[in-house]
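Keeping the supplied structure of chain L fixed, place chains R and Y upon it in accordance with the hints.
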Amino acid sequence: MILIVTFLVIAMLVAAVSAYFFHDLLSAVIASCMVSLIASALFLFLHAPDVAMAEASIGAALVTAVFVIAIRRTKRYEE
Amino acid sequence: MRKIIGIILLIIIAWGIIISLQKIPFGTSRAKVADYYINNGKEETGAANIVTSIVVSYRSFDTLGEVTILFLAAIGLGAVLATIKRKEERKTEKASLILFTGCRFLFPPILLFGAYIFIHGHLTPGGGFQGGAIIASAFVLMYLGCHDKKKINETGSIISESLGGLVFVVIGLIGLAVGAHYFLNNFLPKGEFNTLLSAGIIPIIYIAIGFKVGAELSKIIDLLMEES
Amino acid sequence: MNFLHNYIYYIGAFGLIFIGLFIMITKRNYIKVIIGLSILETGVNLFLISVGYISNGTAPIFSKAGIEAGKMVDPVPQALVLTAIVIGLAVLGLALSLAIRLYKHYGTLNLQEIKEQRW
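Residue numbers (my numbering), protein chains in the order written: chain L, 426 to 504; chain R, 42 to 269; chain Y, 2 to 120.
Just so you know, the hints here were simulated from the structure itself, not pulled from any lab data. Everything hinted at is true.
Computed footprint of chain Y on chain R; a stretch qualifies when at least three of its residues, placed anywhere within it, have a C-beta under 8 Å from a C-beta of chain Y:
#	stretch
1	60–68
2	76–90
Pairwise CB distance ranges (calculated):
#	chain 1	residue 1	chain 2	residue 2	range
3	Y	T59	L	E503	41 to 49 Å
4	Y	T59	R	I65	15 to 23 Å
5	Y	R29	R	N80	49 to 57 Å
6	Y	K65	R	V219	32 to 40 Å
7	Y	S56	L	K500	42 to 50 Å
8	R	G143	L	R501	21 to 29 Å
9	R	I125	L	T431	42 to 50 Å
10	R	G119	Y	L5	42 to 50 Å
11	R	K231	L	H448	53 to 61 Å
Distance condition first, Cα-Cα at most 20 Å in a straight line; then the derived PhoX-like pairs of lysine-lysine:
#	chain 1	residue 1	chain 2	residue 2
12	R	K126	Y	K105
13	R	K73	Y	K72
14	Y	K28	R	K44
15	Y	K65	R	K83
16	R	K192	R	K260
17	Y	K105	L	K500
18	L	K500	Y	K116
19	R	K192	R	K126
20	L	K500	Y	K28
21	Y	K116	Y	K105
22	R	K260	R	K191
23	R	K231	R	K83
24	R	K231	Y	K65
25	R	K260	R	K126
26	R	K83	R	K73
27	R	K135	R	K192
28	Y	K116	Y	K28
29	R	K191	R	K135
30	L	K500	R	K126
31	Y	K72	R	K83
Note that beta-carbon positions come from the ideal geometry of N, C-alpha and C, so glycine has one too.
Chain L on its own, in the form it takes in the complex:
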């Protein structure tokens, strides 16, 4: 059980670091969506089902949709 949690935490930190290194803004938004999804699974390991449902529906679906719509109306690449 503790090995599964360690693997998920390492995957979450790798996704957050790769959001720093991408120059394509759409790829950085997808990396931030992955951070939110793994955090929702970690909330379930900490016995908090209300918060897991809220993070999955708001953090992983609506925030990503709002970011993609805003990127579509501005530039897509950094600098």
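Below, chains R and Y alone, put in the same frame as chain L:
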């Protein structure tokens, strides 16, 4: 240069945090307020979900503040984006037949699922905010998949959002006049435990919050898209 | 192994906070800074929930008839984090509408160039 200053600042903050984290042991202690809520929440409010009874009954004034903040954010977004006119018409692809049929087929079950989550907020994990976000996701699907420029009904959205907020405040003011005389008092009878019609005013407030949050978040998506 | 049992959630939460802070300090594009803000808020919520965890506890819901109230996880941080997630969404929506407005006015989203154009 900026990166080096950033790394030095973060190392100083990390060192301070590591010293102070030795005092917070992981997984041992529970605060006294939580003991009171767990031991007495079942009899005083009648809800099976203790997080729901904290959010709606014990600390319902904070929920009123949160609903106000969402309302202000939607107003601010509308005020900032109101004067931008889209001059060029961006070329969009029409959705194919499979996508259009799938979206039309999936839209009512997602609405039904969101309504199920905010109606059963006091029995199972869920509540008004989660159900409202799922309803807004159904409207995002409708914007992305249906190709004859369908928009949400303006009048229905305005009416459901206003009625949701109004029901919340009016029930709180009725609680001021009846019963134990404080704002957002739980004055309806508690009912039988673990059934749908129980726990006083909690299902009514969560239904109002579900309508309001769902209409507000889909209005935010509609303002950002602005495809006409 | 004992070290992992005690501190793995704290390492995850504070790693996210530091990466989010580093993105916000160092990057120059406006939307990159907002992505860093979103990662920072997810880290703070994870830290708040992991403080309220009791070892071998259960979720705070009386779903069956025979659940005893002694071994439940702390429900107060869960109620506060529920509010915090929704407020995070509201702040992000407002910040991105300002991004659209900035792009319309200045033509670029580079914060260094926007600061240098005084009026």
